[in-house]
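**Q** With the hints as your guide, set chain B onto chain U.
Protein chains in written order, with the working numbering: chain U, 198 to 386; chain B, 198 to 386.
One thing to keep in mind: the hints can contain errors.
Heads up, the list lumps identical chains together, so a pair's fine if it works in one copy or across two of them.
Result set (DSS-like, lysine-lysine): computed pairs, CA atoms no more than 27 Å apart in a straight line [to be verified]:
no.	residue 1	residue 2
1	K254	K361
2	K265	K335
3	K265	K305
4	K203	K254
5	K335	K361
6	K203	K265
Since the hints were made in silico from the structure, they are not lab data.
Protein chains: 2
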Amino acid sequence: MVTEQKLDGKHVAFLFTDGVEQTELIAPLAAARAAGADTALVSLEQGPVQMFNHLDKAETIDAALAVKDTEAASFDALVLPGGVANPDALRRDPDAVRFIGGFFEDNKPVGAICHAPWTLVEADVLHGRTLTSWPSLKTDIENAGGHWVDENVHVDGGLISSRKPDDLPAFCSTILESFAQEPAHVGHA
Amino acid sequence: MVTEQKLDGKHVAFLFTDGVEQTELIAPLAAARAAGADTALVSLEQGPVQMFNHLDKAETIDAALAVKDTEAASFDALVLPGGVANPDALRRDPDAVRFIGGFFEDNKPVGAICHAPWTLVEADVLHGRTLTSWPSLKTDIENAGGHWVDENVHVDGGLISSRKPDDLPAFCSTILESFAQEPAHVGHA
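This is chain U alone, in the form it adopts within the complex:
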């Protein structure tokens, strides 16, 4: 991918756990690094995390930070990859939910793809927001006060959302564009 966005000096967190869809982590991670961002791999614990290709185990990747030991204040932006089991586990962890909520409190941009918005339901940040997701989450998002749309990428203030791996080109270019702006410019209206 050729990117014109520059993320030099930006600190971008990626939060995920076992079950994360490999391509939804690796593609945005590569894009952010290529744009010059400092990236941090955050999980429930430090150490290896099992990635998946849908229902098949894929590679493992090492998380450098446990979410309980960090906070949104240490970063400029957050990426939440999907994979059905990943957000299902993250949403049960109060530290993960607090970490995610901190980006919304601080009006820092958040990219969420596929099943990731279950954690946004849990953080109770969807009231009045418009987003897309893997379509199975539509009802859960609407029941949480969000407005669901079927688009390859949707931007609502600082929340950038996409549906699935096929949307990754649009997702990656849009999060880079958002992350390159100053936080004050991308807060939720």
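**A** What follows is chain B alone, placed relative to chain U:
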């Protein structure tokens, strides 16, 4: 398991797809068969379904019926096993959601364990009902109008719910007890 319940002449459907938690399908299936029930394995399509032990692939099992070709009227009771990817896929299928909703319209008993209640959220049958589930679903259930409790098994009219594989002994004995009653006795109050 020794059961004193008799399900002779009862037709019990089990609805599931790839990702179903193996023990949450096999244990209630064995219990229903041991009690004399006629059991039907129903999935999105006829043929092999990939069961899981949490994130590990387990055995496959053949579904005899596609959900689009059947209806609640053909059965006396329904069992919905868990496994995170299973109800996430079922809820996207309108025939599966319609099939499940039919049991509630007809006041026929339904047993749901673990992640299965996502399909009940989708069928919009949880308003005013009390149930338990895998704890990650608590917020989705409450946002859908249900009341969530943390119990190994909970009975609300014809809805029998449990949290996880450890609850299977209580779940299996309770669904047999409910299924053995006449439908008119187990409808939602």
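**Q** Each hint needs a verdict: does it hold in this structure or not?
**A** Here is what the structure says about each hint:
no.	hint	in the structure
1	K254 <-> K361	both (18 Å within a copy, 23 Å between copies)
2	K265 <-> K335	between (29 Å within a copy, 22 Å between copies)
3	K265 <-> K305	within (19 Å within a copy, 45 Å between copies)
4	K203 <-> K254	neither (33 Å within a copy, 42 Å between copies)
5	K335 <-> K361	both (13 Å within a copy, 25 Å between copies)
6	K203 <-> K265	neither (29 Å within a copy, 51 Å between copies)
The structure shown violates the earlier hints numbered 4 and 6.
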